[in-house]
Structure formats: C-alpha cells, structure tokens
Amino acid sequence: AQSVTQLGSHVSVSEGALVLLRCNYSSSVPPYLFWYVQYPNQGLQLLLKYTTGATLVKGINGFEAEFKKSETSFHLTKPSAHMSDAAEYFCAVSGRTGTASKLTFGTGTRLQVTL
Amino acid sequence: DAMVIQNPRYQVTQFGKPVTLSCSQTLNHNVMYWYQQKSSQAPKLLFHYYDKDFNNEADTPDNFQSRRPNTSFCFLDIRSPGLGDAAMYLCATSRDHVSNEQFFGPGTRLTVL
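Protein chains in written order, with this note's numbering: chain A, 1 to 115; chain B, 116 to 228.
Just so you know, not all the hints are guaranteed correct.
The list that follows gives simulated cross-link-like pairs (lysine-lysine, PhoX-like), each with its CA atoms no further than 25 Å apart [what the hints assert, rightly or not]:
no.	chain 1	residue 1	chain 2	residue 2
1	A	K102	B	K167
2	B	K132	A	K49
3	B	K159	B	K132
4	A	K102	A	K68
5	B	K132	B	K153
6	A	K49	A	K69
7	A	K102	A	K49
8	A	K102	A	K58
9	B	K167	A	K58
10	A	K102	B	K132
11	A	K68	A	K49
12	A	K68	A	K58
The hints are simulated quantities; they were obtained by calculation from the structure and are not laboratory data. For clarity, every value in this text was computed on a predicted model and none was experimentally measured.
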C-alpha cells in the first residue's frame, strides 16, 4: 500500500521568496514520485518526477525536488516565487494496480503568492 | 502537438439524466484513466483501461460506466447523476504499465441541477 501526506493545505509566500511545499510518502516498494500543478479549471500538469538515479530532480518553471529515502520525503522547492506560480500542487506516488500503474495523490497544497 | 482532449469542458445535466463525457488522445498510449475530483480534493481514480482490458476500482459506484471503442477514445457514462456526482472529471493516459507518467486532459466540469 502507498500513501502521500502533504503538510499544509495552504501556503502563502511573497513574490521573490523561497517556495517550499512538503511531501512525505509511504511505500512498500521503491517509489516513483511526482509533483503535479493544477491551475483553476484545468487538468494536472507534470512539474517533475523521480524514478531512479539522481535524487535531486529539476522540473519545469524553475521547480526542483529532492528525494530523501531516509526521511521518506520529496519536498518541492523554487528559489524565487512568481505570481504565476499561484496554483494547487499535488504530490503523488505510483504503484502497480492490475495491468497499469496507479497514482496515489496527496490532498494538495494551494500556493498563494502575494506582492 | 500530441495531447489529451476532453469534451465538453463544461457539462450541465439534470438530476437523474444520463450524461456522457468524452476523452480522446493523440499520444497512442495503451492506458487510459478516468478520475473524479471534487472541490479542494485530490483526484480519485474511478477506473482504467489497459488496451481493451477494463479495470474498475473497488469503490467506484455502479452508476459510473466506461467504454473504450478504440485506442484513441474513451467515454465516461453516468447513468443517473446525483447531486453528489458534481465534480471535475479528468482523463489521463500513460504509455503502458511500465511507464508511470500520466498525461492529463484539461477536465470536464460537471454540474448537476
């Protein structure tokens, strides 16, 4: 069984400030981990993913995340927030179900960026 | 550009009136998924197809059905929508059961009056 916990349903940062969105996972097998972003009334867009290899993963729009096995964490960061980063962010872990992979999502973190 | 398309983007139906949501993909992916996402919640997997092989999640209500007539298209049928079925419905694809990356469509927002 797999699960994801996102700490903080709402995070507010000032424009230009560091963005840190927290994600902890539980998985009985080596995990594949994902961060997705969702803008209002839109689908989910992949920001970045960790499968194997380098633990620091760089994604789109200046975001990155570090896989820390010892801490079972996959926190999302961005050095300098932009107004356009305001959105809902979902962390997800994947596992097999039947004949396909299945994503288990966290409950999401809404990022607000203020002037 | 290869993509996942959902039609319509907004759908209004009446309580108990059957409704069908459509998804198509130009990615030629084997796997197609349907998710339900209620306001301020995470997406919840309803079912998926691996090619023509249908897989239902254990807690998906019988009111929800799906069809996949070919590789490119997948439909979500809600036989008798209730007020609790109002949600965003997301379609996603992945290349196969090994690839874990899913590609999402823009969603269809369903309103039940």
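Cross-check of the supplied hints:
For a cut-off of 25 Å, the pair hint linking K102/A to K167/B stands: about 17 Å separates their Cα positions. A hinted pair counts as satisfied when its Cα atoms are at most 25 Å apart, and K132/B with K49/A does not qualify at roughly 40 Å. About 23 Å separates the Cα atoms of K159/B and K132/B, which keeps this hinted pair within 25 Å; it holds. A distance of roughly 22 Å separates the Cα atoms of K102/A and K68/A; the hinted pair therefore holds under the 25 Å criterion.
With a C-alpha separation of about 20 Å, the suggested pair K132/B and K153/B falls inside the 25 Å cut-off, and the hint holds. Between K49/A and K69/A the alpha-carbon distance is near 15 Å, which keeps this suggested pair within the 25 Å criterion. For the hint linking K102/A to K49/A, the alpha-carbon distance of about 14 Å falls within 25 Å, and the restraint holds. Using a Cα cut-off of 25 Å, the hinted pair K102/A and K58/A holds, with the two alpha carbons roughly 23 Å apart.
About 35 Å separates the Cα atoms of K167/B and K58/A, which puts this hinted pair outside 25 Å; it is violated. In summary, the hint linking K102/A to K132/B is not supported, as the alpha carbons are separated by about 31 Å, beyond the 25 Å threshold. For the given pair, K68/A sits about 14 Å from K49/A by alpha-carbon distance, which is consistent with the 25 Å threshold. For a cut-off of 25 Å, the pair hint linking K68/A to K58/A stands: about 15 Å separates their Cα positions.
Checked against the numbered hints listed earlier, the structure breaks hints 2, 9, 10; every other hint is satisfied.
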